[in-house]
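In the order they appear, the protein sequences are chains A and B.
One point on numbering: in the numbering used here, the residue at position 185 of the first sequence is 185, and numbering is uninterrupted.
One point on numbering: in the numbering used here, the residue at position 126 of the second sequence is 126, and numbering is uninterrupted.
Calculated from the structure, these hints are not laboratory results.
A couple of the hints might just be wrong.
With a cut-off of at most 27 Å between alpha-carbon atoms, the simulated BS3-like pairs for lysine-lysine come out as follows [stated by the list, open to error]:
#	chain 1	residue 1	chain 2	residue 2
1	B	K90	B	K24
2	B	K147	B	K165
3	A	K9	B	K260
4	A	K79	A	K42
5	B	K133	B	K15
6	B	K260	A	K14
7	A	K153	A	K79
8	B	K146	A	K40
9	B	K24	B	K133
Here the structure is a predicted model, which means the values were calculated and not measured.
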Amino acid sequence: MYTASDLRKGLRVKIDNEPYIITEFNFVKPGKGQALYRTKLKNMITGSQFERSFRSVDTFESADLREKKMQYLYKEGDKYCFMDNENYEQVYLTEAQVDDAKNFMTDNIEVEILLFEDRPIGISLPNFVELIVTEAEPWAKGDTAAGSTKPVKVQTGYTILVPTFVTEGEKIRIDTRTGEYLTRVKG
Amino acid sequence: MSEFHLDDNLNLARKSQVLQERAKLIQSIRLFFIHYGFFEIETPLRIPSPAPEEHIEAITSDNWFLQTSPELCMKRLLAAGYQRIFQISKCFRAAERGDKHLPEFTMLEWYTIGFDYHQLMDQCQALLIAALKNMGHNQDIVWQNKKINLVSPWERITVADAFLKYAPVTMEEALVQGMFDEIMVDHVEPRLGINRPTFIYDYPAKLAALAKTKMNDPTVAERFELYIGGLELANGFSELTDADEQRYRFEEALKTRAVKNWTPYTIPEKFLQALQTMPPCAGIALGIDRLVMILTNAANIDDVVAFTPEML
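Bound conformation, chain A alone (with noise of 0.2 Å):
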């Protein structure tokens, strides 16, 4: 249980049976008045956000959240497939739930599912993937400008600015929080 005064940016409460992170915080005071903790929260099942001020009475409760190891499965409609590997049961998030993590997901890969009172709520991917160049502009011999890029298309349909040297086939690093290149894998 939490009180508004351990209220903070990050901390995950629930309100209306539904787990909120907290973006932003701030106390105010207004002269001679009551202490008001403002908020911004952040939904973390639909993401949508407003903002609410607490007073120092209000209570919360924590909001049930961890996470567990699983394996991506398969896409089947709008709906992406998980495995918990401890137990094989699996598990399904929808296209918006699972977001950008769609770009650098590919099949079999350990993800770490979210759970809310059991329920998956959300993804979260290892910090780096490596993917198949699937599709390339060949590099053209004396392009060497220093820093010069081009768009390929990965494996997961993902298109993304390599520099020129990559070619098709390769494998590249790419950093799943930026969704950016990294570098180029050999072997």
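Chain B: place on chain A using the hints.
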């Protein structure tokens, strides 16, 4: 020397210019008060019982308390015949921490015998214009992209009018809904002192524990606040001199504090006794740290003190 200490030194060295402005401000304020015949006094920081106020919580110190304001002792001096007194001291308030709040902060507090709150607003304006001029701020100051003109007549608006002008409900409605503070913070405060400093005055009597109520309207207290750029800087009022009324208000505040399970205070008896001989006067508290924020264009109160609690 550890890396941490190097970071600390760098951080403190970066603050040097702001801290110089801070020192200059405090010196300029002293010059003003000395020029006008004020007596600089010192009162104890550790006291047995703070003024019981509903929303201010003191920090305990070996069964006593650290002062939340120097008000009680200063008023005892007024009762003893001191005419014009000022003090620059540390005040302490429990659980107040934010980008405009420090649990230990610096307060300028002064009193003038024979003044009411409107005369005090004039005096406050004169002090700030003189002190800022002494520091080289003659006309405009820019704080967080807001240009504030110091020379034009400062705005005076009642709390009720400010609600009519800026809030979705009237002051009375806000009080009935129990939403006065929220509406003040969300709708009114951000609009105060935008082009020029604003005095907002005539607060609901319930929100002024030590202020005199208006002769013709006991629901309103002769209390004001100064805002610059939406930032609250000072709180002043015509002082309540009725000891019985003051005792009644303290007892009420103690009851609401008990409901919230806050630290029990005792009634400050020596103060109430002194109040019986305190002449009519007006007094004001001004946050030095916040004024330095305005003068140095700082968004965060941490930027205007050498050490925050987290740095210790």
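Hint check results:
1. K90(B) / K24(B): Roughly 18 Å between the alpha carbons, so the hint for K90(B) and K24(B) holds.
2. K147(B) / K165(B): At roughly 21 Å apart (the allowed maximum being 27 Å), K165(B) and K147(B) satisfy the hint.
3. K9(A) / K260(B): holds (26 Å)
4. K79(A) / K42(A): Holds, because 23 Å separates the two Cα atoms, which is no more than 27 Å.
5. K133(B) / K15(B): holds (23 Å)
6. K260(B) / K14(A): holds (24 Å)
7. K153(A) / K79(A): holds (23 Å)
8. K146(B) / K40(A): With Cα atoms ~24 Å apart, K146(B) and K40(A) stay inside 27 Å; holds.
9. K24(B) / K133(B): holds (11 Å)
The structure is consistent with each of the numbered hints, conforming to all of them.
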